[in-house]
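Listed below, chain by chain, are the residues.
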Amino acid sequence: MTRVAIIGAGPTAAFVAKACIDFGAYTTLYAHGDIGKIPPGAFYFHWLPPELAKKHIPIQILVQGKGTAENYVKLQWGTNFVSTENSFPPQPRWEPAYNPSEVFSDLLSPKCVVQYIEFPFTDVNVEYLTTVYDLIFQTFPTQASKEKQPPLIPYYMGVRYGTEDENTPYISYNGTGRDIVVREASLFGNLFLEFPKNVGEEFIKSNMDVTGFRLVELKDMHPDTKPWISDNPKIKFMGRWAEWSTHRLTHEAYALTIAALQEINDVK
Amino acid sequence: MIIAAVDPGQRTGLAIFDLQISDEDIVILHKKILTTLEHINNCLNLINKTICNLVILEQRALYGTRLGVEPFEQIKAGLLLHDYRYAASHTFTLTSSKKFITVPPVQWKPYMRAVISTGKINLLAWGADTQHEEDAMLMAFYVVQMNYKNMEVQYD
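Residue numbers (the numbering used here), protein chains in the order written: chain A, 9 to 276; chain B, 2 to 157.
These are calculated hints, taken from the structure and not from any lab test.
All figures in this text were calculated on a predicted structure; none of them were measured in a lab.
Don't take each hint at face value.
To be verified - Quick list of simulated restraints, FRET-style, between CB atoms:
#	chain 1	residue 1	chain 2	residue 2	range
1	B	Pro-106	A	Pro-47	23 to 31 Å
2	B	Glu-74	A	Pro-47	34 to 42 Å
3	A	Asp-173	B	Ala-89	25 to 33 Å
4	B	Asn-46	A	Arg-101	30 to 38 Å
5	A	Glu-59	B	Asp-26	18 to 26 Å
6	A	Met-9	B	Ile-22	19 to 27 Å
7	B	Ala-88	A	Asn-206	52 to 60 Å
8	A	Gln-99	B	Arg-12	18 to 26 Å
9	A	Glu-271	B	Asn-42	38 to 46 Å
10	B	Lys-33	A	Arg-222	52 to 60 Å
11	B	Asp-26	A	Val-132	31 to 39 Å
12	A	Met-9	B	Asp-19	25 to 33 Å
Using N, Cα and C, we set each Cβ at its ideal position, and we do this for glycine too.
Can you build the whole structure from these sequences, using the hints too?
This is how it looks when you write it as C-alpha cells:
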C-alpha cells in the first residue's frame, strides 16, 4: 500500500486527503494549528467529488463586473501593474459554489490519520519525511521559496459575519474608476470588502465608513511571481501557496493528487 | 464495455468507446466513434446500433441560460424510449446493463481543467475536430476516472 503524508491542514490538504483515501493510500495528515481554517474573502469550492456533490447542494453566486477590467486592475494593484492578468468578468454569470465550512469535515475522511505537531515543519523536516513515506504532499510554501520569490503584497479585507441574506450571494468587481472597494462579496451570509494592495488601515478609514467591519490584513502574491516546482520527486507541492500559482483553484488538488499517486504506482 | 458520452446542443458531440483494462492495470478508452451531429435521432441511432451499455449525458443547466436544454431533454427521452434506465449514481460495473447517467458541466469541467494542466493526457489521441467532440471525450474521461480512481486512464 502506498504510504503518503500530507503536511498542512487547510482546504487544499482536505482535497489531497480525500484523493489519497479514494485512491486507497495509507494517509497521514500532519497539522500544526487549526484544522480546516477557511480564509476570509470570496473563497468557495468550485467542485466536489461526485459522492459529496450529491450530498451538498451548491449555491449559485451572481458574479458581475461594473465598469472595465482595466479600471479594476488599476484600483487593485495601482498603475504599475495594468497588464496584470485578472478575473474581471466581462459578462455577468452564475457560478455554483460549495461552502468550505460545511464540506470540510466530509473531505477529511476518518480513514485519514491526523497527527498534530507542536512546531511548524521546516524544509529539513519535510525532506526527512521522504525517508518514511512514498510521497509527501506539502500545502504551504517552503522556506526556500519564501526567500527567493518576490515579497508578498499586503492588503486589507473588511469582514462582517452573519449579516447578509444567504439567498442572494454575489461577487461584484469594481471597474468603475470610483470608490476604494476592489471587490465586494456576499457569501454564505457574510460580507467581504477587498481593498487595494498596499493601502493602509488609515487610508481606508479616512475614505470610507467601515463601522461594523473588522479589518483583516492579508497578503497576496506579487504579479511577477513564477510557479515553484519541487526538485524532489517525492515531494509534491499542492495549492496556490505551495505552488506559488495564483491561478490554482483549491479543488484541483484532488485531480493532481490522483495523478501523482498514479505516477508513483507506475514507478513501483 | 461500450460507453457513449454525449454533449447535447444545437450541434451534439458524441464519443463512443470501448473501455478495457490492460494487464498493467491501465484503463484504456478505445475510440469507436467521435463525431458531431446536428440531428438528435442520428445520435440516438448510433448509440443503439453500437449497443452501448452506458450513456454519459451532459446535464444542461437548470438555472441561468437554458441553451441546450431542449436537445438534452430530447436525448434523455430518446434513451428512455430505447430502454435505457436512468441511474442517479455515477458508479458502474463492467457488466452493468443498459443505463444512462447525467453529469453537469460543473462536475467534469473543473476536474478536467486540473487533469489537462498536468499534461498527462493525450487530447490528440482521438482527433477531436470540434469543441463538442472534445467535451464529450473529456466528460468520458472524467466519469471513468471517478469509477477507477486508483488506476490510470488513457485514450487510445
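* Asked: Can the suggested window of 19 to 27 Å be confirmed for the beta-carbon pair A:Met-9 and B:Ile-22?
  -> Holds: the Cβ-Cβ distance is about 20 Å, inside 19 to 27 Å.
* Could you tell me whether the CB distance from A:Glu-271 to B:Asn-42 stays inside 38 to 46 Å? => For B:Asn-42 against A:Glu-271, whose Cβ atoms are near 43 Å apart, the range 38 to 46 Å holds.
* **Consistency of beta-carbon spacing, B:Ala-89 to A:Asp-173, with hint 25 to 33 Å** => holds (31 Å)
* **Range hint 34 to 42 Å (beta carbons of B:Glu-74 and A:Pro-47) holds or violated** => Holds, at about 41 Å.
* Asked: Is the gap between the beta carbons of B:Pro-106 and A:Pro-47 within 23 to 31 Å?
  -> Given range 23 to 31 Å: holds, Cβ gap about 27 Å.
* Between B:Asn-46 and A:Arg-101, does the beta-carbon spacing fit 30 to 38 Å? -> holds (35 Å)
* Measuring from beta carbon to beta carbon, are A:Met-9 and B:Asp-19 in 25 to 33 Å? -> Because 31 Å falls inside the window, the suggested range holds.
* Honestly, do B:Lys-33 and A:Arg-222 meet the 52 to 60 Å range at C-beta? -> Holds, at about 59 Å.
* Asked: Is 31 to 39 Å right for how far apart the beta carbons of B:Asp-26 and A:Val-132 are?
  -> holds (36 Å)
* Asked: Falls inside 18 to 26 Å, the C-beta gap from A:Gln-99 to B:Arg-12?
  -> Given range 18 to 26 Å: holds, Cβ gap about 22 Å.
* Do the beta carbons of A:Glu-59 and B:Asp-26 sit within 18 to 26 Å of each other? -> Given a distance of about 23 Å, which is inside 18 to 26 Å, the answer is holds.
* Assessment of proposed distance window 52 to 60 Å (beta carbons of B:Ala-88, A:Asn-206) -> For B:Ala-88 and A:Asn-206 the Cβ distance comes to about 54 Å; the hint holds.
Of the hints listed earlier, there is not a single one the structure fails to meet.
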